[in-house]
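Mind assembling these two chains? They're in different frames, but the hints should get you there.
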Amino acid sequence: MTFAIQFVIDVLSLGGAYALMALGLVIVYGILRLVNFAYGELIMVAGYTMFLFSGSGLPWLVMAAVAVIMAVLAGIATDYVAFRPVRAKSVTAVLITSFAFSTLLQNAALLFISPRPQTVPLPALFSQTVTIGGAITPLRNLITIAAAVILLALFALLMRRTVLGIAMRAAATNFTMARMLGVPANLIISSAFAISGFLAGVVGLLWIGRIGTVVPGIGLEPLLVAFIATVIGGMRSLSGAVIGGFLLALIDTTLNYTLSQDLLKFRDAFTFSLVILILLWRPEGLVKGPATGQRT
Amino acid sequence: MQITTKSLASLTALLLLAGTASAQDDKIIIGGAMCLTGVQAPLDTPGMKGAEVAVKYLNDNGGLLGKQVEFINVDGKSDPVTVGNAAVELIDKGADLIMAPCDFDFGSPASREAQEAGIVGISACASDPLYSSWSLGDKQFTLSMWNTTMGATAADFAFKEKGWKTAYVVTDQFIAYTKSLSKYFVDQFKANGGEILLEDTYTNGDNNFSAQLARLQALGKKPDVIFLSSYGQDIGVIIRALREVGYDAPVLGGDAYDDPGMHAALGESLGNNVFFVTHTFMTPDAHPDMQKFLDLYQQMHGAAPDTAFVATGWDTVMLMAEAVKAAGSTEGGAVAKALEDGKFKLLTGDLDYGTTEEGHVPNKAAVMVELKGGKPTFLGWRTPERLPAP
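First to last, the protein sequences are chains H and Z.
Under my numbering, the first residue of the first sequence is numbered 53, with each subsequent residue one higher.
Under my numbering, the first residue of the second sequence is numbered 82, with each subsequent residue one higher.
Next up, chain Z with everything else stripped away, as it sits in the complex (with noise of 0.2 Å):
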């Protein structure tokens, strides 16, 4: 009977070790294990449609390494252990490098399967410090700025540039992301001189937002700015609830806040005075392969992409394979080292990661955008000087 299981075993391992070899003799596979469903399908689908685009760019133009490149997605469906199941399902199918999901909860078990298999992993999009080699392992990377360069962007926009010196802020309490960014908004913001006036606390999903503002009038001050750190619908609700009683403060939030559909439900009337640090902005003016990159997107998808996320799932492509060809093998540790060694020019800002030691962090460069109108107005990258630690 062991010996049985003892040969089936090699013979399973000797059938997926000959699948592996001969995926990766004709062409270079990326994994997504990205998730088109659920909760974290807004994020995600941007992601995985952008990367494609790299794919077929790639490809039209000889490919890596002289190989084609292939994308398979395997749907993650917003659940952690789908995910963790999709990224093993596409290392048997012989993927080099994995695409994780946009976040740290549903992408982190795709980077530990992908760092299991001695492969590297890079998250499209998340943004939270938790998404890092320290506790994911020396192969794995995040696309993303942490949420100490978005934080410390948007304190150092409010307080050096605007010169605003009080702030009112509201954490949503829904996922480590909304929680963290406040976190190092607060902490920037008071290191620079800043006064918090109140810190208020919010449940995603609740559209009532009357309990903090009356707390908010009972306060009797009005602060310079306003720091919102929610998630999906809920913050066009909070702004839509504080510019109806009067509140004009300027709003000032982090990359979930670029969301087209906010945009256009805030509308003319309140989509005004509201800023945000983000990844990148969908015009030239961000960057000279901007436009390159939205005609190429318009030909394979047939329409221009509804949100600035598309470019993040192009860059992970793109980081890629700069950085196979600069290790010239996709063997885990030679990309990982290309990675960490390499400064790259992305479409979401300059990206220079540290060491494995120093977690991998992603040293970047951020977009402040402005809603006037209900319509977002580009002013520029930005680079804080000094970061929070995570």
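Isolated chain H, as found in the complex (with noise of 0.2 Å):
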């Protein structure tokens, strides 16, 4: 019993984090059919950002309201730097863009702060632990449940009750049907990298409360993540990534549970063939997404 409990805390823990991180990608894909592979970036930038403020002796949650903002206005700056000077012309440039702004912030940070890790603040609250029906788990976990919980279910909101969710959904359906019904572009673009800045951030404070530091690389695992579970989930669908999200995290957490210690060294080796296996029953993802749209 305890350890299906310990068990079930550990998937939906994880799984949340990586469905938060999925989210972040799938967001800016949807509507501009490119992936952002400056995302993991935006997570290293909330880090830094925590670093740095580490000394000023503002309480913790401030710094992490700062760190988000850093994240978000990051994000937005993807758009501004990488995306939209080649958005019109090809997927090519943008891929090109987008991998060169994620190696300017990457060498930025390893040169005008250090290649050796930094370390973060974290509240005492992330280390403390508590016991639910016998399994000891650290209270960090249950926090990334619950906000992975709030923020999906803000996000379910935004994009279906508001009108700029409306409007970025319109726009990942069919984005030249979209415009010329008077959806603003650039305005949906921004906002989508906005969200996507901001996911990076809470995902970037939650993750680096497991590790303590933060280094120029620490985006690249995340990013991998993201990718992998958008790519299970469905690459046009956000349900798609949240699904993919925990489903990866369940996979991750089974194997590691199960598997001998022979075989635990080739985990990453089973993972991406249980991956391939779900790409060749469902080649689209477990869930599709709406079925129009060009890439504009």
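None of these hints come from the bench; they were simulated from the model.
These figures come from a predicted structure and were not determined experimentally.
Incorrect hints may have been included.
To be verified - Cut-off 20 Å, straight-line C-alpha distance, at most; resulting in silico cross-link-like pairs (EDC-like, lysine to aspartate or glutamate):
1) Lys317/H / Glu280/Z
2) Lys264/Z / Glu336/H
3) Lys260/Z / Asp320/H
4) Lys456/Z / Glu412/Z
5) Lys453/Z / Glu242/Z
In structure tokens, the structure reads:
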């Protein structure tokens, strides 16, 4: 029983983080049909903001808010620097500019801060533990689950009930048509980047909360996770990204718990084999997105 | 056509020779292929900064063999192919000695090029026993102790000094370093008579240790010591995870723990009862010349070093200088012989290389450090009596 509770908490907390990561990536992809490879660096920006403010004496929550705002600004900057100037040209151009922006941010951190890990302040709350049904778990895991639930609910509300959300969904379905009907393209795209930055900022706090330090390459793992989760879930669907995130966490955790020591070394090979199987079965991912729409 | 190619080739060769010869006349060039960007940067950047301090020190004190020493670094960019190309470029520029990155995977391409060119290459801190004359050639060395020494020192410290009889071993499957370190610890710990309760695997970057914890809890026994061989930020993640759920047994590991960022991240509450084997300690306790080095470093870089790995760079250059002095030239064979024959008292411990047949095994002392309240404290130098076979 204890074991089962532990397992469920692990899957949900890891899945919550993965789902938020994937959602931040897919919201931009849905509209632009382009993967933002500088997405991981938004997490890095949040981390380094925390590091730079660590000596300021501000309450942790204020620092966290500033970090999230910085991630949002970095998200919008990604749009202005890497996407907008070349958006109308070719997919290859945007692919390369987003890679370039990612490299630029990473190397800026490396040069101006340090290549070595820097400590990020964490609230004591993150390391406290609670016992649920005999399973001892850090409070951080429960916070992650709660944050994921709240953000996913807010996000669903935004997409369904607000003008901005409806416009974004329209743009994701058929961008040209939406523009013809008066949806301002630049505003929608910038909003998508801002939301992407917000999710990256929050996830960055939770993710770095597990680690305690930030390095220039911290965004690589989250980017990879987000990418795989969206591929499993369906590149075109927001709910698919969330499902993909939780599924990936379920696969990883199950393998972690059940594989024998000799096989555990090859866990990633098992994970990716399963991903391939899922894609053979559902080439477009688990959830199909809106049927129409060309890249704009 | 053939004639043209031939004459072009010989012309190039002549030019190269001329370039090399003129460079060698007035100065001695140490070429560094250290990685200043990418995953290897956290280890190589400090080494390079330490090397720069050493080169300045040599030049301020009359140079080497009456010549000035020049240090040129070409960024290896944490990519083995680029590291190899960087070494080729450095050799073309007239490098007499090569300083290779801090890891077998990233450093060996530079050493292979150095070997090809007949000059000595020394890795600043690669510790895998693969970094040997067996695999790289008779003019290649590593400044670091091998993982055999590191693992054995940890095992002897645990069993003989502290009397910890049972161990739980976690191995990160990240690189050769993390895997071989556990292997040699287990070998020595068992040879000492210790018992390994459980060996578990971790994947670098997971940031999730819960499955391993569940297995440890299912064991029903608490180990005397936890040996954790991981890399980078994950060490802190795992120690945090263990401590949070109440495993307060001592944690033991290798030089990857020598990271002030990790110590600060664990902080006062979690950074206790952690022990590690490393290269040196940044106080005069470790070496009488340490303060001199720290002062010079502060002068040159304007800040105190943020990791003890800076000493490996200083040592690499000073070791090269001593060997060149003993050999009386920078010729590869002569310098290699001087390195094999000599005994060196370095900031990172007394060093005595084995012969080419012995793989240039670095017989070296290691430092034990304890983390108390997030602050490292120096426990002293250790030299294991027996080493596991590499």
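Evaluation of the provided hints:
no., hint, verdict
1, Lys317/H / Glu280/Z, "holds, 12 Å"
2, Lys264/Z / Glu336/H, "violated, 44 Å"
3, Lys260/Z / Asp320/H, "holds, 17 Å"
4, Lys456/Z / Glu412/Z, "violated, 44 Å"
5, Lys453/Z / Glu242/Z, "holds, 18 Å"
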